[in-house]
Amino acid sequence: MAALLEYVCQLKHLRYLALKRTDMCRLPENIHGMKFLQHISLEGCESLMKLPDSIIKLQGLRFLDIDDTLVNSIPRGFRALTNLRVLYGFPAYIDGDWCSLEELGSLSQLNELSLESLENVSSALLAAKARVDAKKQLTYLGLKCGGRVGDGLVQGEVSESKEEEQMIEAVFDVLCPQPCIEYISIKRYFGRRLPGWMTSTVMVPLESLKILVLEHLPCCTQLPDGLCRLPYLEWIKVMNAPVIKCIGPEFVQQYNQLHRPSSQLAATFPKLQQMHFDGMEEWGEWVWETEVKAMPLLEVLRITSCKLGRMPPGLMSHAIALKKLTIRRVRGLHSLENFVSVVELDLYDIPELAMISNIPKLQKLTIKCCPKLEMLQEMAALRRLELRVFRRENQLPVYLPTVKPSHLLLTCSLEVLTSMAEGESSSEWDKFSHIKQVEAYAEEGGDEKKWHVLYTSESSNIQTNIHQGSIGRRRGVG
1 MAALLEYVCQ
11 LKHLRYLALK
21 RTDMCRLPEN
31 IHGMKFLQHI
41 SLEGCESLMK
51 LPDSIIKLQG
61 LRFLDIDDTL
71 VNSIPRGFRA
81 LTNLRVLYGF
91 PAYIDGDWCS
101 LEELGSLSQL
111 NELSLESLEN
121 VSSALLAAKA
131 RVDAKKQLTY
141 LGLKCGGRVG
151 DGLVQGEVSE
161 SKEEEQMIEA
171 VFDVLCPQPC
181 IEYISIKRYF
191 GRRLPGWMTS
201 TVMVPLESLK
211 ILVLEHLPCC
221 TQLPDGLCRL
231 PYLEWIKVMN
241 APVIKCIGPE
251 FVQQYNQLHR
261 PSSQLAATFP
271 KLQQMHFDGM
281 EEWGEWVWET
291 EVKAMPLLEV
301 LRITSCKLGR
311 MPPGLMSHAI
321 ALKKLTIRRV
331 RGLHSLENFV
341 SVVELDLYDI
351 PELAMISNIP
361 KLQKLTIKCC
371 PKLEMLQEMA
381 ALRRLELRVF
391 RRENQLPVYL
401 PTVKPSHLLL
411 TCSLEVLTSM
421 AEGESSSEWD
431 KFSHIKQVEA
441 YAEEGGDEKK
451 WHVLYTSESS
461 NIQTNIHQGS
471 IGRRRGVG
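UniProt numbering applies: residue 1 is where the sequence shown begins, and numbers increase by one.
Restraint ranges, calculated between C-beta atoms of paired labels, are given here:
1. GLU439 to GLU378: 22 to 28 Å
2. HIS467 to GLU374: 30 to 36 Å
3. THR201 to HIS334: 34 to 40 Å
4. LYS136 to TYR7: 37 to 43 Å
5. VAL8 to GLY196: 42 to 48 Å
Straight-line alpha carbon distances no greater than 25 Å define the calculated BS3-like cross-link-like pairs of lysine-lysine that follow:
6. LYS210 to LYS271
7. LYS431 to LYS368
8. LYS372 to LYS431
9. LYS323 to LYS293
None of these hints come from the bench; they were simulated from the model.
Bear in mind that the values here come from a model prediction, so they are computed numbers and not experimental data.
Note that CB positions come from ideal geometry on N, CA and C, so glycine has one too.
Could you put together the complete structure from these sequences and hints?
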């Protein structure tokens with residue numbers, strides 16, 4: 001790699017250099033000789049620890065990506081790269097009375113910027129020197145802490161003091177983008193509250209924001225209350241926020257409007273299309289009453305790894321464009337009903353779920369590891385049912401005769417599959433014989449489709465690789 005780089009540096013007119021995810025550990029010191037270079041991508045070069053000092057002489061450089069590298073410092077004088085439009089992975093650190101963020105102050109042409117290791121910044125005054133609030137062309141901003149806050153943190157593993165939490169809150173508060181920002185990503189942030197510029201009290205809202213990603217928030221206790229008024233917000237993702245217990249009414253309605261008649265209020269989240277809540281382990285309550293109009297364009301909702309007890313009435317009443325609903329690893333949810341627009345429903349590991357009802361447009365339903373589910377009602381449009389039955393269950397679900405999908409894809413135990421293979425003489429026959437097409441499989445030795453039963457109702461024909469001899473032997477084993 002070193003020899004290749006030395007050769008590349010002889011290409012004096014090169015404009016584009018991409019070395020992503022290689023074992024490259026350094027850039028040549030004479031890289032400044034490539035004076036036409038505009039694009040350097042080093043993302044994922046995990047051996048790279050330092051940038052050459054001469055990089056600040058590349059006056060035409062417009063793109064620099066050092067994300068997911070070990071670079072934890074930058075050359076002084078970096079501010080000379082005034083033509084930079086995109087800068088990913090810029091490390092924040094302090095050397096005496098100097099902070100690397102100072103070097104960003106004059107980079108007024110930036111369109112996209114991501115900052116790393118913000119826990120190193122010891123005061124809001126130092127963070128303000130980045131002049132994020134003055135970058136009028138910035139459309140993407142990534143803010144990330146590192147080191148002490150890892151991807152897998154859960155409640156109880158974070159040891160930041162109250163002073164450290166307050167400091168990082170103050171630092172993030174001054175990293176406020178202009179209203180032109182379209183995409184914000186905040187990761188590994190250990191403040192108890194999110195930045196003040198996300199709240200309803202801010203004078204100039206993020207009126208152009210389209211995408212908001214919040215990942216790994218080990219100390220954050222609630223979501224900001226100002227998101228609902230953003231006119232162009234299309235996508236929200238919240239991942240690994242283990243101490244948020246409740247999403248209250250302020251999430252869908254501003255505090256100053258909570259007591260106004262709903263007939264006088266326009267729908268909040270007017271452009272929101274996708275919303276993901278993943279890994280909010282303590283989240284058990286979502287307050288959204290029927291009279292509060294919100295999310296009229298929401299199409300995709302994903303909820304995983306929480307203990308939500310019920311879906312809010314307001315969601316069922318007003319998310320009239322919702323097409324795909326995914327719910328996984330949710331403890332405490334007993335029923336799902338009245339999602340009148342949903343066409344695709346994906347359910348996995350919901351141990352208390354007992355009933356699904358009134359989803360009249362549902363076309364595709366996936367059910368895996370929902371052992372207490374007994375009732376499916378009012379889903380006349382169902383075309384495809386994908387079902388995984390626990391190995392320890394020795395019969396098909398009791399609700400199967402009540403639905404009429406065109407196609408059933410079933411994964412079950414060999415015992416159940418063997419019974420299905422017997423056809424009309426089977427105790428399971430009445431549960432699946434009305435379905436037009438059935439594909440059923442049982443796993444063995446790591447092969448998920450080792451054994452199969454294929455059935456079509458038109459001919460009542462069953463094809464299987466389970467033979468009568470093996471049926472008897474396996475029943476004996478069971």
